[in-house]
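Quick note, the sequences are listed as chains R and C, same order. Basically the working numbering = 1-based index in the first sequence + 690. Basically the working numbering = 1-based index in the second sequence + 76.
In short, the hints are calculated from the structure, not lab data. Since the model is a prediction, treat every value here as computed from it, not as a measurement. Please note: incorrect hints may appear among the correct ones.
As the list claims (entries may be wrong) - Taking lysine-lysine pairs in the BS3-like style, the calculated list, with each CA pair at most 30 Å apart, reads: (1) K110(C) x K832(R); (2) K1058(R) x K110(C); (3) K1058(R) x K746(R).
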Amino acid sequence: MDDRKPTTASSIKGTAHPTTESAVTSPAAPELIQLLTHEDVDRARDRWEVAQARAKKTRGTFGGVRLLWLLVGPGVLVFLGENDAPSMLSYAAVGSRFGVGFFIPFVILTFMMGFVVQEMTVRLGAVTHRGHAELIFDRFGKFWGLFSMGDLILGNFLTLITEFIGVRAGLGFFGVRPSIAVGSALLIVIAAITTGRYWTWERITMGLAIFNGLFIPAAILARPDWHAVGHAMVTWMPLPTGSRYEILILILATIGATVTPWMLFFQQSAVVDKGMQPRDINAGRFDTALGALLAAVFAIAAILATVPLFHHGISAADFQGAQFAEALEPLIGHVGAALFALGIFEAGIVAAIAISTSSAYAFGEVFKTGHSLNRPLREAWPFYLTLLGSAFAAAALVLLPRFPLEFVVLTVNVIAVMAMPPALAFLLLLVNDRELMGEHANGFWANMGGVTVTILLVLAGLGFGIATVFPHWLGG
Amino acid sequence: MSDDSNNKNAKGPALNDPRAVLSLLEADQVVAAKRRTQFGRQQLSSGTRFLLWGLRVYVVLMLAIVALSVFRAVHSAH
């Protein structure tokens, strides 16, 4: 282990960051050869696969497809991970409360906002090879770093609890006892990390994440009015009616279902762990766009699946996971309801894996301990302990008899929206930092997009604050 | 770019050779290099500090409001 005091990047390499210089030709190569880790070797293996695919691509074979297959992952995972249990329940609440209308295009807009900010994390990770938490601590110091970490840890832990609520509720539809449901979820989280390999973990989690698509057959079984869907997409009509406060809460929950702080930290760390380099940025953009597209389609499917509740005037205001499926059963059949319940279970599992990993990455980056899924347990036990410890603690709370589950479910997406503007401010400062990013720093339009998303989130939060403190202003 | 340098061997990388490992990674991507290097502190302008403090106050206020709204919701449910 090398325990010398860290120096600045420029002083050790003699060049300003960023650099795409190969490690083998760098002045530090003779020293680095002595200090290679298991993590470096695994990452080099992944880079070799990418190099082979890139070489085939230039020879006009299917290398292009293979290259994309190798480089997709963090973007798909982050968006399908964010289609988590509380998010899918929010979409279900929207469908059952307002039917087809304003929220269909609004969901697409939120995923476009999500793409704008997540694309920046791809560039930051690929260029700096550092995670988000590490960069915030390095560039802004402990004071601001601790604030960011506080927001992240609080939000992540609350969200993690809701994922296990989703797991419990989803399997509850099939009569599975809560302890068995939550225990099975924990076993899946453990199984995903036992491979000691980022690549394998990513493929296992993506394999699970694709089952977020279960909401599509559930939506088809609900026989949506496609003409109304098309009309809503074009006109944003009909607008939601009823309690303005309730509408505002669902707007916030829908935004919070798409743009949250953990996504920034997770994707940047995953891009670093995957070993992506500046030349992979376009593939990273594709990956992020693909994730946003898939997640938007599945989110709209969740809305459409619960529209029959709206048409039958069934109030779903206080529904939790299994109750949605139970209420849907007489309307879309047992298969449709079962698919919906399985979808909620899957959403909880994948998000539990992604969010606990996000916390572990951030912990390792801040405390400068090993933080890679390419590391074996003995080399990075604090990383794995954080990952599993947060998952076990959240799972245990869900099983406590008097734990206020409704409190957590009510707050989690709203807290995510509230915590997002400061996280976006740090993201924009970092991605505009030319000392770090060089030619990959934000341009005018990326900044316009980022600032617009930040302003919209602040306005949404202020609207919620005013409506809460002065409810009569919005008519209750 | 670094990952082009090991293309010759299409059957598999010879990763028992440390130079082959280094040839596939960027200089700043090796764990030991990252551990020994740290980006320096960015100087924040007074405007940026003001913005960050403003957003921090915003978060604290909003969390208080969320707590109020949840208290009301839970209270009315019971």
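* Hints broken by the structure, by number, lowest first? -> 3
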